[in-house]
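Residues per chain, in single letters:
Number of protein chains: 2
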Amino acid sequence: MATAPAHDLRFGLDRRVTLAGPLALDCGTALAPVEIAYETYGTLNDEGSNVVLICHALTGDQYVASTHPITGKPGWWTRLVGAGKPVDPARHFIICANVIGSCMGSSGPASVNPATGLPWSMTFPVLTIADMVRAQALLLDHLGVGTLAAVIGGSMGGMQALSWPAMYPDRVRAALVIASTARHSAQNIAFHEVGRQAIMADPRWRGGAYYADGDAPSSGLAVARMAAHITYLSEAGLTEKFGRRLQDKANGELGVKSFGFDADFQIESYLRHQGISFVDRFDANSYLYITRAMDYYDLAEPHDGVLARAFMGTKTRFCLISFDTDWLYPTAESRRIVHALNAAGAEASFVELSSPFGHDAFLLDCPEMNRIIDGFLRAGESR
Amino acid sequence: MATAPAHDLRFGLDRRVTLAGPLALDCGTALAPVEIAYETYGTLNDEGSNVVLICHALTGDQYVASTHPITGKPGWWTRLVGAGKPVDPARHFIICANVIGSCMGSSGPASVNPATGLPWSMTFPVLTIADMVRAQALLLDHLGVGTLAAVIGGSMGGMQALSWPAMYPDRVRAALVIASTARHSAQNIAFHEVGRQAIMADPRWRGGAYYADGDAPSSGLAVARMAAHITYLSEAGLTEKFGRRLQDKANGELGVKSFGFDADFQIESYLRHQGISFVDRFDANSYLYITRAMDYYDLAEPHDGVLARAFMGTKTRFCLISFDTDWLYPTAESRRIVHALNAAGAEASFVELSSPFGHDAFLLDCPEMNRIIDGFLRAGESR
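Going down the list, the sequences are from chains A and B. Using my numbering, the letters of the first sequence map in sequence onto residues 5 to 387. Using my numbering, the letters of the second sequence map in sequence onto residues 5 to 387.
Hints listed in this document are in silico derivations from the structure and should not be mistaken for laboratory results. Among the clues, some could well be false.
Computed far set for chain B versus chain A, every beta-carbon distance over 10 Å [stated by the list, open to error]:
| no. | residue |
| --- | --- |
| 1 | D18 |
| 2 | S70 |
| 3 | V116 |
| 4 | P207 |
| 5 | F269 |
Beyond 10 Å from chain B on every Cβ pair, some chain A residues (computed) [said to hold, decoys possible]:
| no. | residue |
| --- | --- |
| 6 | V21 |
| 7 | G76 |
| 8 | M126 |
| 9 | V198 |
| 10 | A226 |
Reference excerpt, derived from the structure (chain A facing chain B, CB under 7 Å, subset only) [stated by the list, open to error]:
| no. | residue |
| --- | --- |
| 11 | A28 |
| 12 | C31 |
| 13 | A134 |
| 14 | E197 |
| 15 | A205 |
| 16 | R210 |
| 17 | F246 |
| 18 | L250 |
| 19 | A254 |
| 20 | L258 |
| 21 | F263 |
| 22 | E272 |
| 23 | I376 |
Virtual Cβ for every residue (Gly too), placed ideally from N, Cα, C.
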């Protein structure tokens with residue numbers, strides 16, 4: 005493997021590459037070319053043995069540890085990735101790529117279809133989590149990376165992290181799967197379907213063809229985000245953070261019930277804010293495509309429903325972390341994965357952490373999670 | 005109390021009455037006149053001691069034990085109410101009234117405002133659960149009913165059943181509160197807010213003024229119903245009923261993934277059906293008003309947050325029933341109520357029943373629930 009010089013244009017922040025492909029997709033068609041937007045942090049070592057791939061969640065992006073170009077907010081996982089953190093550019097060569105289907109520079113419904121010169125919109129092929137992983141493997145080829153020291157992801161990122169060793173058993177030495185699952189449940193699908201219906205019911209959606217005038221179905225997308233957001237938080241966390249507290253008035257007066265339909269309760273204005281701010285940074289069609297990919301996700305399906313068969317003979321080390329108040333991908337789902345890994349003879353560790361923050365906990369300050377990830381990664385390096 | 009002759013036009017199926025009022029409302033205004041649509045079953049006994057008031061849930065109605073005029077379906081609680089059932093017209097004089105704010109004949113946003121001759125729409129006063137109960141008390145006055153042998157309700161019906169002894173301690177001898185709560189939690193409010201935003205985001209909502217042309221915001225209302233419907237079912241129940249099973253095709257072929265956005269999974273078509281069929285029988289503005297009333301509901305609020313004070317000195321007997329898989333109004337909320345009742349010195353029994361069906365369990369076949377209700381009602385009659 006060639007060592008990349010420091011000035012290699014393939015490496016660094018805010019990179020974009022157009023790969024020739026074709027990328028064979030689960031739906032039966034192929035994508036070509038394949039655009040991938042990504043970032044790298046740190047330096048690929050001479051042995052190529054220090055690569056950590058970070059996989060993002062549904063509405064995440066490649067800006068894992070650098071400022072988001074639209075919101076101006078810090079990277080979404082700076083608590084885990086950065087100087088002195090478990091994933092450290094001083095030790096690791098870190099890659100984070102926007103999943104295909106998304107809207108931050110990788111091929112997706114908002115990209116231009118080279119055959120027509122117009123945005124793909126809903127003619128973009130329907131993707132799977134496996135397709136996202138295949139695109140990441142293409143990117144690794146481009147970057148001259150053979151094997152991953154580790155792949156790490158939470159939520160949909162965890163689905164990718166778990167798919168990696170199932171799909172490329174020789175290319176990944178360790179997989180960290182956080183607050184995730186091996187399949188989408190009926191309830192998971194149900195919540196996503198509500199979101200999709202909210203988007204598609206918005207008259208501005210127009211079958212997905214809203215790119216020309218930029219009048220996007222933001223009302224529908226905001227409702228979709230609000231519904232999803234509830235699933236990211238625990239009931240107890242919501243009660244602690246908001247309870248039934250009323251919104252104070254703009255003039256500083258204490259809140260009272262308006263006996264109207266404005267946001268009286270703090271939880272109402274919080275949710276509305278979540279919906280409204282989301283539409284500035286996310287494409288409604290991408291939301292349809294990515295939720296669909298997640299709903300199609302069931303790692304056991306190609307193995308007659310036996311999850312263990314997805315990992316037979318694997319040499320990858322696994323670390324699973326769940327959160328006790330996560331009702332979106334509850335601990336029981338992580339435990340199912342661990343049982344399957346055990347049955348497959350895999351090396352797997354599993355911790356359920358306690359947190360009041362529900363599914364969102366993996367994105368928040370969690371020193372215990374950091375310690376576990378740090379220990380797991382260092383154990384791999386010392387081998 | 006006057007005994008009503010059998011031909012009394014106040015009694016029977018599909019009754020409607022316009023009461024002069026005024027009905028003082030929590031919002032500070034008054035409603036006059038007050039229209040109430042209701043049904044009665046059975047015969048008021050000479051002592052007036054056999055009256056059972058049934059309170060319906062968010063999207064319920066007065067057709068508790070008779071055919072719904074729009075859907076043609078049997079009454080919504082025929083498993084509990086009817087010949088040989090715990091609530092039996094042969095023994096009880098049963099009353100069920102459409103709550104004010106609703107759309108099945110009682111005063112609500114779709115009713116005509118006598119001051120303008122036009123539908124109230126969003127100028128209808130914002131209501132509370134207590135206002136609904138006050139309207140029921142007005143109806144009892146009209147029917148010549150002094151005291152209720154029992155008030156029974158599940159979900160929002162349970163909120164009314166619990167409010168009755170708090171508001172009219174001398175008019176209710178027993179209250180059965182099923183799958184309910186003494187306050188709406190932050191998560192409860194959040195789900196309702198998603199539904200309201202879905203309705204109000206529908207361009208056909210038009211600030212609620214859609215009655216003139218009948219072009220109602222049915223897309224938004226369907227999305228609201230879908231989101232709410234998920235909360236009525238348990239995760240385990242969804243998995244058992246639907247899992248990840250695919251929808252079979254119309255031609256009888258086994259389902260396969262379409263790699264499109266049609267309903268591939270059975271849970272998707274089920275939810276879509278729930279949304280679509282709901283809009284035929286329910287008014288979007290009523291959905292806004294009733295969810296608002298539920299969100300405002302907190303029985304402890306007028307008592308400095310001390311729930312027990314709502315029931316101090318009560319002579320009403322209470323029976324609470326919760327379901328172990330109900331995550332909308334979980335057992336913990338019923339337990340809170342029982343603790344408060346105990347602190348108030350009230351006679352209260354409490355059972356958590358096991359069911360795979362989540363919140364919806366109270367509407368489904370549940371022989372244990374029927375036995376408990378039957379025993380509780382008969383114990384009251386033998387005193």
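Query raised in the report: Taking each numbered hint in turn, which are not upheld by the structure, reported in ascending numerical order?
Result: Hint check: 4, 5, 8, 9, 10, 11, 13, 16, 18, 19, 20 and 23 fail, others pass.
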